[in-house]
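There are 2 protein chains.
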Amino acid sequence: MKQFFPILQVLVSFSKPHAVFHQKVRSIFTEKTFLYQAKNPWGTKKKHRSVKLNFPTYTMADPKIEEILAPLRAAVKEQGDLVRSLKSNGAPELDVKKAVAELKVRKKTLEDKEISLAPSSATFDRSKMEDLLKRRFFFDQSFAIYGGITGQYDFGPMGCALKANILNAWRKFFILEEQMLEVDCSILTPEPVLKASGHVDRFADLMVKDMVNGECFRLDHLIKAHLEKLSADKKTSNATREECQDIVVRLDGMTKDEMSAVLAKYSIVSPMTGNKLSEPIEFNLMFGTQIGPSGLVKGFLRPETAQGIFVNFKRLLEFNQGKLPFAAAQIGNAFRNEISPRSGLIRVREFTMAEIEHFCDPSDKDHPKFESIRDTKLQLYSACNQMDGKSAVAVAIGDAVDQGLVANQTLGYYMARIHLFLIKIGIDPVKLRFRQHMGNEMAHYACDCWDAECLTSYGWVECVGCADRSAYDLTQHSKATGVRLAAEKKLDELKVVDVIEPAPNKGVLGKAFRKEAKVVIEALERLEPEKVEKMEKNLAEKGSYIFSANGSDYELTKDMVSIKRYQKTLHVEEIVPSVVEPSFGVGRVMYALFEHNFCTREDDEQRTFFSLPPVIAPLKCSVLPLSNNAQFHPFVKKLSEDLTRVDVSHKVDDSSGSIGRRYARTDEVAIPFGITVDFDSLKEPHSATLRERDSTGQVRIPLDELPSVVRDLSNEKTTWIEIEKKYPKFEQQESVAKA
Amino acid sequence: MKQFFPILQVLVSFSKPHAVFHQKVRSIFTEKTFLYQAKNPWGTKKKHRSVKLNFPTYTMADPKIEEILAPLRAAVKEQGDLVRSLKSNGAPELDVKKAVAELKVRKKTLEDKEISLAPSSATFDRSKMEDLLKRRFFFDQSFAIYGGITGQYDFGPMGCALKANILNAWRKFFILEEQMLEVDCSILTPEPVLKASGHVDRFADLMVKDMVNGECFRLDHLIKAHLEKLSADKKTSNATREECQDIVVRLDGMTKDEMSAVLAKYSIVSPMTGNKLSEPIEFNLMFGTQIGPSGLVKGFLRPETAQGIFVNFKRLLEFNQGKLPFAAAQIGNAFRNEISPRSGLIRVREFTMAEIEHFCDPSDKDHPKFESIRDTKLQLYSACNQMDGKSAVAVAIGDAVDQGLVANQTLGYYMARIHLFLIKIGIDPVKLRFRQHMGNEMAHYACDCWDAECLTSYGWVECVGCADRSAYDLTQHSKATGVRLAAEKKLDELKVVDVIEPAPNKGVLGKAFRKEAKVVIEALERLEPEKVEKMEKNLAEKGSYIFSANGSDYELTKDMVSIKRYQKTLHVEEIVPSVVEPSFGVGRVMYALFEHNFCTREDDEQRTFFSLPPVIAPLKCSVLPLSNNAQFHPFVKKLSEDLTRVDVSHKVDDSSGSIGRRYARTDEVAIPFGITVDFDSLKEPHSATLRERDSTGQVRIPLDELPSVVRDLSNEKTTWIEIEKKYPKFEQQESVAKA
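These protein sequence lines map, in sequence, to chains A and B.
For the first sequence, my numbering gives the first residue as 1, with consecutive numbering after it.
For the second sequence, my numbering gives the first residue as 1, with consecutive numbering after it.
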């Protein structure tokens, strides 16, 4: 198989609401013929594999190319340095913005040159892969017989089984192994929760409407398409062309007003009808609905699963017996009403997420198991490298944390675990990098954020986010509800503090304020020390104090409330935990898996298949009778029952095609092992052949041993190499079997 | 533990849209002390169990009680016979309705007497169980810190793990074992799909609104509460009381107008404010939203997962290589905007379903594996028994199908499989019955429908529906889309048929109708034979024909279309498959599991626990160091790592409580096995104790054997009885350990 990546047009982002960015990042790849050895962790006999893969790598092998690129790299670095110095000198924001925009222009020039110099001999045929995915119903558009809805997909039997296996592997790798607290929270979320989290106000994209028919367009996509078309027009002057290209590059950082000005300047109208367009409108990406029959309780479909964990923080802390650190996790669906969904599974309206919220002491972000992954090497594409015009670099995570490149051990631990998980399920390590958010794209509450990006034919796609969100979310929900979302931390030394507290006289308050007395008493209990002091002063001087609670004012007098002062010895202090959040977009991971594992047989370009690892393959085994001969039936039936007994998912294919054609069909749905019952199976001792998908190697195994052999191969308790050593090779060639 | 069921007040229904009924069905139970032996399928040493369970059974043991009930049973039967004869004589609908209402009154009289005679020594304390579920965060109200939303629940770590284990068991039992095609479809569903399925028009409950503050009440609940209160009032006359009781009984069958009349007659106002109420309003139970930014595409959150399977029928049939029968399955969330959710997990707004749609030839509903379950005995509560005043009866499913009591083998096969699955995961067989829908409550499209009902303190609760839906859904979607959702069936004999077809002249049509020509041509291709004949006649006689397509009329002339007649030999015929649908309400099954497995230690009423089978228990094992002694740490750490390696979910509890208290805590979250590392563990050969939850029996096992022993116990590959035979008993009493 040969693959080409029409390189990195778009960096597709899967960001948290406050950090929706569509940074264009490009990089360069030289080709390198890889030994399958390097990739295949589950021990199929690699040298027998009929597929040769060409992987792009980060290595800049050619000094001639580097010579051409050197001045461009220097130009990026020069501007990067300027941005840094402006920032450190506290220059006006506008100046910094302008410098960042120029930095982006220079980065793009460098990247364009890189692409123009990269060899492009290999091709990856996306339409061929999409045809296979559709034909064998891995997934397809939802409600197609009704015309379909863009941005919604149904997973068929193979896609669904793959997804279930990925989620099971995830649950084992993260939840069980780390003893996380898994929760399963409601999807319908009342408005106040998402108001507090910031989604109601800020989770929006800009769009414009066709003034006649109401059709909507996502504003940045529309401008980009219009200006790119204009640039491509031969009649366009060079000056205009440059201006267009400049705007496209700056688009992501533009404000609503700036984009509005572009619309006006280029007289952009609807590309579909030529009608005039509205002014830009902020369109909130959440799906709204009403909860209950009254129409009074507004709710949304959750845009992420994380908030369900935050609102349950108190219960989870209690479940963990009050101790920090602990991690909670959730697998579930989330919804975003994209203005114009595209790129298949990558930008959709309904998707499955797997999120972890790790709560820890903000003053101690070390991780107890950090040493176990210290030497794991990751491709890190730091903010600094991005500003310096450099590429991603392989760094051991221990070194990255020691050097302060990655903010803390907990963040580093999860980055390494994400890396290991992705490799385990079949992501190509060469097409995986961690990109650090740059200062201007990081959500305002985050300390550090790295995205695990997979290289696909759509460019580098963010598949997993990994952010240190500090105490932002818990603080927001505490503020909104008045419920303290905090943990207690034992103090090393006892601490004596002065306390000042209002002591309400409930009887008198009750008489004075009746029903509202409760509100007043509760508000008094929450009152901050400075205000208590002020109250004390007023009561002493004027005999009364005007107290605001729940939006109303109450006049308090001395008989209603007295002020207590005393000293208290503290054994614990209250801390609001910091949160480190790894957040997986399951559909995106699946899409990357499809691309990274799509193969073509060297001897037959029409025979395509997916080399997915057994642990996540939709089905583990096929059972194929050589022909329709009735003598085979009892053997096939018994094998199927025995495989079920040892929990090996499998498929019996007793249709009439040749054995070769049926192998090809099982290869297409990524079944890693195939049992064929043939005439030799009828003889004692009964046996059958077992075939491995990637190498197409076959061995002969006694029937009673087969189910447990396949189970152990599927669970990765043994390898194909070991099985080939243990059992006699079956020499009949597949091409012969095909006949 | 002693349990009492305040018997069967409500039959809680989980029905398909067209069959939402709230039948009140009661039955009688005598108590019988059960040997735990009879229930426990995973082989814990039952006689050691410290809990004695009292199960109600269907057996009417006491002839004296039967003597009293005999005339009441006869009265029900007499009326049941009348209903039957009215129906068979085609009596006016109104007469039948009146007779059915009278039948219900007589059933209620019988049931009330049954309850008054049933011994009620045992008590089940629901609040005690709910306290445990909340305290250990199995589940709790969603968004509680924001005041919460009724009818929404979040599952905490234990509830979530339990749910995941149930779903995994379900997937193995149904999908893998039967090689079903699992799909995972979109939740957001465009309106036309649910219009075709009937949900947009008919999936509604009646409600009334407070005319001042807009508060909504579900109409049947409101009337029932009002009349019951009135009945209970001592000042109410006997005549009124009887009338009230009569209305309550008839409520489920009442029309909107009849209920409206009741509202008026009793001057019912808002019970909260005393304000006047609106006329009854039909409130659709689906959550609506807009898909996309234009606000033009109306959508709903799916109210069931089934429709996702139906709209994918063509793809699934193709995946199955065109062959019938096959079954598709889906696990996923569905949503219903209940007017007034209640009864905890039983009536909620957001819930997980697991649905199977088995597609088969309508003329052959035999099931190939029927013989394997033929002798399985189920408690069947047939429509006939319900009319005759009898109870449910244990019948082998083979006999039930042979006698025509259950409509066909496929339906019977799934009923037996549902029964076996529920028992496997811990539903008490004595509290499980299959109730057949009576003629007047069956959805109009269904041939036969049986609900698996579990007895809980809320009465008999429908947990799984099992219906033969005939060809209803596929036909509806075919009609709505024009896409034939049908399968081809090989004919035993070739069949020659006459064909009459319009042959459009595309060129001429194109010139005449321009853009609309395509519509006309497509409509011609779909034209029914009778209409083609009419067209042929008109064209011959008048030279033209007015043809309606897509709501417009087109005048067709002879040059535009000719009529072809010929004979065709058919090898296959097209059939619209019948659908048998088992539909699981996962939350309801979970709730029944909680009640059926809630136990109290005989020696300590405060020690409550759940005796859930290991296969679905949230965690399989606890690891407890006897004390804080540092020497235990390495052993605990190694055990934890080894358990992880063999995929045994577990919890280390090294907190400071006594070992007895920590056992109690792990019992509460249903952990079936507990390892304790003590001072003997430090000596060679290293060993630890293993304790079984239900019996509290303990054995001593070498450390290196422990992980695999616990794995085999958890997977039910071995039993506690076998383990007790193999390893030395650990004699220290728990009460001693407690000290």
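If you are wondering where the hints come from, they were derived from the structure by calculation, not from laboratory data.
Being a predicted model, the structure only gives us computed values, none of them experimental.
Be aware that one or more of the hints could be misleading.
Said to hold, decoys possible - List time: in silico DSSO-like cross-link candidates among lysine-lysine, alpha-carbon distance up to 27 Å: (1) 172(A) <-> 637(B); (2) 276(B) <-> 489(A); (3) 256(B) <-> 172(A); (4) 256(B) <-> 638(A); (5) 637(B) <-> 637(A); (6) 651(B) <-> 369(A); (7) 717(A) <-> 637(B); (8) 638(A) <-> 323(B); (9) 537(B) <-> 323(A); (10) 256(B) <-> 98(B); (11) 651(B) <-> 490(A); (12) 323(B) <-> 323(A); (13) 172(B) <-> 172(A); (14) 651(A) <-> 390(B); (15) 234(B) <-> 108(B); (16) 97(B) <-> 515(A); (17) 172(A) <-> 638(B); (18) 637(B) <-> 638(A); (19) 97(B) <-> 234(B); (20) 172(A) <-> 323(A); (21) 424(A) <-> 651(B); (22) 172(B) <-> 638(A).
Stated by the list, open to error - Which stretches of chain B does chain A cover? Using the computed rule of at least three CB atoms under 8 Å from a CB of chain A, they are: (23) 207 to 215; (24) 375 to 386; (25) 559 to 567; (26) 662 to 674.
Unchecked claim - Derived, one-sided and incomplete: chain B residues facing chain A with beta-carbon distance under 8 Å: (27) 149; (28) 155; (29) 156; (30) 176; (31) 190; (32) 289; (33) 349; (34) 353; (35) 405; (36) 407; (37) 408; (38) 486.
Cβ atoms here follow ideal geometry from the backbone N, Cα and C, with glycine treated the same way.
Now for the hints, and whether the structure bears them out:
Our distance criterion of 27 Å between C-alpha atoms is met by residue 172(A) and residue 637(B), whose separation comes to about 18 Å. At roughly 55 Å between alpha-carbon atoms, residue 276(B) and residue 489(A) are farther apart than 27 Å, so this suggested pair is violated. For the proposed pair residue 256(B) and residue 172(A), the alpha carbon gap of about 53 Å is over 27 Å, so the pair is violated. Proximity of residue 256(B) to residue 638(A) is assessed by CA-CA distance (about 58 Å); at most 27 Å being required, the pair is judged violated.
Straight-line distance between C-alpha atoms of residue 637(B) and residue 637(A) comes to about 44 Å, which puts the hinted pair past the 27 Å bound. Annotation: proposed proximity of residue 651(B) to residue 369(A) holds, straight-line Cα distance about 17 Å (limit 27 Å). Between residue 717(A) and residue 637(B) the CA atoms are separated by roughly 23 Å; this keeps the pair inside 27 Å, and the hint holds. For the hint linking residue 638(A) to residue 323(B), the alpha-carbon distance of about 22 Å falls within 27 Å, and the restraint holds.
This hinted pair does not check out: residue 537(B) and residue 323(A) have alpha carbons roughly 86 Å apart, beyond 27 Å. For the given pair, residue 256(B) sits about 17 Å from residue 98(B) by alpha-carbon distance, which is consistent with the 27 Å threshold. For the suggested pair residue 651(B) and residue 490(A), the alpha carbons sit about 24 Å apart, so the restraint of at most 27 Å is met. This hinted pair does not check out: residue 323(B) and residue 323(A) have alpha carbons roughly 57 Å apart, beyond 27 Å.
Proposed proximity of residue 172(B) and residue 172(A) is supported: the alpha carbons are some 18 Å apart, at most 27 Å. Between residue 651(A) and residue 390(B), the direct Cα distance comes to roughly 46 Å. Violation of the 27 Å bound is thereby established for this hinted pair. Taken as a hint, the residue 234(B) and residue 108(B) pair is honoured in the structure, with Cα atoms around 22 Å apart against an allowance of 27 Å. Distance check on the hinted pair: residue 97(B) and residue 515(A) sit about 52 Å apart at the alpha-carbon level, beyond 27 Å; violated.
For the suggested pair residue 172(A) and residue 638(B), the alpha carbons sit about 18 Å apart, so the restraint of at most 27 Å is met. Using a Cα cut-off of 27 Å, the hinted pair residue 637(B) and residue 638(A) is violated, with the two alpha carbons roughly 42 Å apart. At most 27 Å may separate the alpha-carbon atoms for a hinted pair to count; residue 97(B) and residue 234(B) exceed this at roughly 32 Å. For the hint linking residue 172(A) to residue 323(A), the alpha-carbon distance of about 23 Å falls within 27 Å, and the restraint holds.
The hinted pair formed by residue 424(A) and residue 651(B) meets the criterion: a straight-line CA distance of about 25 Å does not exceed 27 Å. Distance check on the hinted pair: residue 172(B) and residue 638(A) sit about 18 Å apart at the alpha-carbon level, within 27 Å; holds. Under a criterion of three residues with beta carbons nearer than 8 Å to beta carbons of chain A, the stated coverage of the segment 207 to 215 of chain B is upheld, 4 such residues being counted. With a threshold of 8 Å between beta carbons, the proposed coverage of the segment 375 to 386 of chain B by chain A is violated, since 0 of its residues qualify and at least three are required.
Closer than 8 Å: that is the beta-carbon criterion, and the segment 559 to 567 of chain B has 0 residues meeting it against chain A, so the requirement of 3 is violated. For the segment 662 to 674 of chain B, the assignment as covered by chain A is violated, since 0 residues bring a beta-carbon within under 8 Å of that chain's beta-carbons and 3 are needed. The interface hint given for residue 149(B) holds, since its Cβ lies 6 Å from the closest Cβ of chain A, which is under the 8 Å cut-off. About 4 Å separates the beta-carbon of residue 155(B) from the nearest beta-carbon of chain A, less than 8 Å, and the hint is met.
Hint on residue 156(B) holds. Least Cβ distance to chain A is approximately 6 Å, under the 8 Å limit. Interface restraint check: residue 176(B) against chain A, minimum CB-CB distance 5 Å, threshold 8 Å, status holds. For residue 190(B), the interface hint holds, since its Cβ comes within 8 Å of a Cβ in chain A; the closest pair sits about 6 Å apart. The closest approach between the C-beta of residue 289(B) and any C-beta of chain A is roughly 5 Å, which is under the 8 Å cut-off, so the hint is satisfied.
The criterion of a C-beta within 8 Å of any C-beta in chain A is met by residue 349(B), whose closest approach is roughly 7 Å, and the hint holds. Hint status for residue 353(B): violated, given a least beta-carbon distance of 14 Å to chain A, over 8 Å. Among the interface hints, the one on residue 405(B) is violated; its C-beta lies about 30 Å from the nearest C-beta in chain A, farther than the 8 Å criterion. At a threshold of 8 Å, the smallest CB-CB gap from residue 407(B) to chain A is about 28 Å, leaving the interface hint violated.
The beta carbon of residue 408(B) comes no nearer than 24 Å to any beta carbon in chain A, farther than 8 Å, and the hint placing it at the interface is violated. At a threshold of 8 Å, the smallest CB-CB gap from residue 486(B) to chain A is about 13 Å, leaving the interface hint violated.
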